[in-house]
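Undergrad: So you can see what is in the structure, the chains are spelled out below.
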Amino acid sequence: MDDPIMVEVKDLHFSRGSTDIFRGVDLQIPLGKITAIMGPSGTGKTTLLKLIGGQLVPDRGQILIGGQDVHKLSRRSLFKLRRRMGMLFQSGALFSDLDVFENVAFPLRIHTELPNAMIRDIVLMKLQAVGLRGARHLMPSELSGGMARRVALARAVALDPDLVLYDEPFVGQDPISMGVLVQLIKKVNLALGLTAVMVSHDIKETLSIADYVYIIADGKVMAHGSPQTLNVNDDAHVKQFVHGEPDGPVPFHYPAPDFFDDILAPAGQFS
Amino acid sequence: MKRHIAALGRATLDTLSSIGRAGLFLVQSVFCLPSREGFHLWLRQMHFVGVMSVAIVLVSGLFIGMVLALQGFTILVGFGADEALGQMVALSLVRELAPVVAALLFAGRAGSALTAEIGLMKATEQLTSMEMIGVDPLRRIVAPRLWAGFVSLPVLTVIFGVVGIWGGYLVGVDWLGVYEGSYWSNMQDSVDFVDDVLNGMVKSLVFGLVVTWIAVFQGYDLIPTSEGISRATTRTVVYASLAVLGLDFVLTALMFGDLG
Chain A
1 MDDPIMVEVK
11 DLHFSRGSTD
21 IFRGVDLQIP
31 LGKITAIMGP
41 SGTGKTTLLK
51 LIGGQLVPDR
61 GQILIGGQDV
71 HKLSRRSLFK
81 LRRRMGMLFQ
91 SGALFSDLDV
101 FENVAFPLRI
111 HTELPNAMIR
121 DIVLMKLQAV
131 GLRGARHLMP
141 SELSGGMARR
151 VALARAVALD
161 PDLVLYDEPF
171 VGQDPISMGV
181 LVQLIKKVNL
191 ALGLTAVMVS
201 HDIKETLSIA
211 DYVYIIADGK
221 VMAHGSPQTL
231 NVNDDAHVKQ
241 FVHGEPDGPV
251 PFHYPAPDFF
261 DDILAPAGQF
271 S
Chain B
272 MKRHIAALGR
282 ATLDTLSSIG
292 RAGLFLVQSV
302 FCLPSREGFH
312 LWLRQMHFVG
322 VMSVAIVLVS
332 GLFIGMVLAL
342 QGFTILVGFG
352 ADEALGQMVA
362 LSLVRELAPV
372 VAALLFAGRA
382 GSALTAEIGL
392 MKATEQLTSM
402 EMIGVDPLRR
412 IVAPRLWAGF
422 VSLPVLTVIF
432 GVVGIWGGYL
442 VGVDWLGVYE
452 GSYWSNMQDS
462 VDFVDDVLNG
472 MVKSLVFGLV
482 VTWIAVFQGY
492 DLIPTSEGIS
502 RATTRTVVYA
512 SLAVLGLDFV
522 LTALMFGDLG
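In order, the protein sequence lines correspond to chains A and B.
Residues in the first sequence are numbered from 1 upward in steps of one, following the working numbering.
Residues in the second sequence are numbered from 272 upward in steps of one, following the working numbering.
Treat the hints as calculated values from the structure; they're not laboratory data.
Certain hints may be false.
Unchecked claim - Within a straight-line C-alpha distance of at most 16 Å, the following computed EDC-like cross-link-like pairs (lysine to aspartate or glutamate) qualify:
(1) Lys80(A) - Glu367(B)
(2) Lys50(A) - Glu402(B)
(3) Lys10(A) - Asp59(A)
(4) Lys204(A) - Glu245(A)
(5) Lys80(A) - Asp69(A)
(6) Lys80(A) - Glu402(B)
(7) Lys10(A) - Asp69(A)
(8) Lys72(A) - Asp59(A)
(9) Lys33(A) - Asp162(A)
Here chain B stands alone, though its shape is the one from the complex (with noise of 0.2 Å):
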């Protein structure tokens, strides 16, 4: 019983100590000044976090809006409400799905990728040696991906988001036969930018840093060794997708929580 009781205590504390070590990681990370050396360091990250994620995207999104205007047409036309496709596609895409789903395959594509390379910087003495030369990783190698990260992801998610809409176009209206003028009329119409839209990209911000923020620790903090670099991928992607899917119900309580 005692025994049970010291390793749960001594679980806490480590649990503790990591949100600790985290959140310090974060500060020191997040306020590295930047300059010309630093644009460029963020400049290439931008196109190994963001750019080489932009596939992958492109094909979920066109997916998702297919498949939401496929699942939509086929309810809304039992209350002859067809032509309301557009107006549930777009709010369901904007809201919810194109934040959501753009961080997840974020966190599994980009993500573990951050984590594998820290780490296997951290295995081979990479960082070590930077710091003995008198550079500062966090400054040279963290900042530049965090800020990469948490830039790229609302962009992603802007592209997930029209590409979804197109690929419910396709489906609803050249498919379907849902009458193209109330497509998009209809999402004219309901799709507020400040509530929907707006809010939709302050979630994918918030994603972007928790998401950028875990892969980075979860490299930067591994233990240097082939074992330790899978774990810690797995424990990026595994963290970093209930972070998103936790964070996105307590964000859209806080936004359109007082409807009712």
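For reference, chain A alone in the conformation it holds in the complex (with noise of 0.2 Å):
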């Protein structure tokens, strides 16, 4: 990877109880791209975005953005980093007390000293872009799971972020409503310039628009490189991964004793 870097993580530990999330990931984050962070579900790919914005802090290695280790950083500085960062969490985590213009200038009313007329200008323009002008006097309440994840991207890119870190954008959306976001993320990544951090396990629509892939399995990075190199990955975990394969190194069953024995234990013995 020949461009500059603008997130790296350097062996990163983090544990959750007695139970290891990741055991020594080192990842990088091309700056002005697209970087998808892939992996089943409970590998720990939310847990990673909250440790790259700060909000968990891992038993050993480091997160630096942009050369500042993230975790080394006092409180005040945490929240000053944090304002060149926009984040889009799966549920849109839109504030419920605040219509969807309120939402969207959030940021800004907290963030800048804008008179109120340029305030507007920005949300109607960021709402135009993402297709819910119309919408603004909405409460969240009203909205749909997708309009309100749209909002979130509205409200994520509010501020010109130079990072826009990206929870699972995609679940549990219709397929309408996920080709939209699937081309507005785009869009809006290529208008802005942004370097974004996108974790998915909706292989199709993530390959389709990253320029760089990151898979995640027992705590490691299994594999990296271009989603064409990765359709062509001969690794066994990568292979069940990208082609949707029910069964392979990640088993389709949870640990558990000898299904025979088990349905023919005296009850109580087992459960």
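Taking the hints as your guide, dock the two standalone chains into a single complex.
TA: Following this line, the structure appears as structure tokens:
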């Protein structure tokens, strides 16, 4: 990878209780590109975004954003760094007491001294970009899941951040909403020249817009490369994931005693 | 046996760590610098936490004052001391019942609502998204609520006391026929502003801080699931009520303990 690096993850270790989530993850997010982080459910993709955003602290290792170690910053400096980041949450995470317009205006009102007229123009431009200028007076509870995510996208890019983190942007969307979101993310990224990190397990959609892909499983990076190279990768983990095979290195069954022993056991022995 | 000791150790560590987190949380929230925006948020919370609790405080204060007068009259009349009814109603309300009952009602209405509101914000990732936008939720969400609770409970306590005394008047004077002049003059002679009214206010300030602290911390620290919200809301009401009753004893002992 020859592009300049925006985010660098070095030897990342993280565990919850006795479960190791990451056991030495190294990855680099190039500047101005869409980098996808993929992997089966439960491999810690969202956890990785929270570590990059400084919401969780790793057990070992470093995460550098623009050369700054996220976890060595003071609370104040961390919040300052976050002003240069946007995040699209799986649920949209819109503020339920503010309407669509005020949700998008929120970062602008907090972090800038812009006059109201200018904030209005910027918000309308962002809402126009996601196709929801006409929905600016609606409350979050009046939006469909897809609309909520589009508003959340407008809010995530309201301050024209350097880095945008997308947490499962396509999950639970109907085909039309999904298509709209894929196009929007691609267009917004191109138009604003953002660096994007996208966590997802929607293979087709993600590979169609990602410039570079990391696949994570068993707490490590199993493979990385361009979407084209991953499609022809021979590794069993990668093949199972990319081609959606139900059984393989990631087993279909959760670990359990032998099925027949379990069925024939006296009541209470295994339960 | 070993397992029980380990479980006890774990529970102790969990409790200590929770108390530590709650202490840090309070310090970080209380010292958030006020801003113009913060003042608006505080005003909005004053409405939600304070103004919307007025109705329940009015009704409860009225009935408690009326019951006090009725019970007090039946006892005092036996000693021929029914003219001291005003004194009894006022001292009971100002020293004890107004701060304590208003705080218990506040914990049930505003405290549980605060926990559920903050908990729901956490469950729907609104707090996380606020952090990622570069806004500290302690400053924007927690601090205005904490200060609103701290300020509004003493005001609610005053309302409770005043309405209670009026309720006592309705029953004692209008219904049971106690002489109006003695109702008010005995009250005026026996209620001391510093010893009774101010001490009652100090109690309500302490209760306001503790109840709101418990409510916002339980909301902020809960497990973000529907079951987690329900448990945290229950914990708020139980912990806050017990804290109010326990602290009331401690404060009463400190304020009036040297009488004997």
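Undergrad: All hints are to be evaluated individually against the structure, with a verdict given for each.
TA: Against the structure, the hints come out as follows:
A hinted pair counts as satisfied when its Cα atoms are at most 16 Å apart, and Lys80(A) with Glu367(B) does not qualify at roughly 48 Å. Of the supplied pair hints, the one linking Lys50(A) and Glu402(B) holds, its CA atoms being roughly 11 Å apart against a limit of 16 Å. Distance check on the hinted pair: Lys10(A) and Asp59(A) sit about 12 Å apart at the alpha-carbon level, within 16 Å; holds. Only pairs whose Cα atoms come within 16 Å are accepted, and Lys204(A) paired with Glu245(A) is accepted, the gap being roughly 14 Å.
A threshold of 16 Å between alpha carbons decides the hint, and for Lys80(A) with Asp69(A) the separation of about 13 Å falls inside it, so the pair holds. Restraint check for Lys80(A) and Glu402(B): satisfied, since their Cα atoms lie roughly 11 Å apart, inside the 16 Å limit. Distance hint between Lys10(A) and Asp69(A) is fulfilled; the C-alpha atoms sit about 11 Å from each other, no more than 16 Å. This hinted pair checks out: Lys72(A) and Asp59(A) have alpha carbons roughly 13 Å apart, not beyond 16 Å.
A threshold of 16 Å between alpha carbons decides the hint, and for Lys33(A) with Asp162(A) the separation of about 11 Å falls inside it, so the pair holds.
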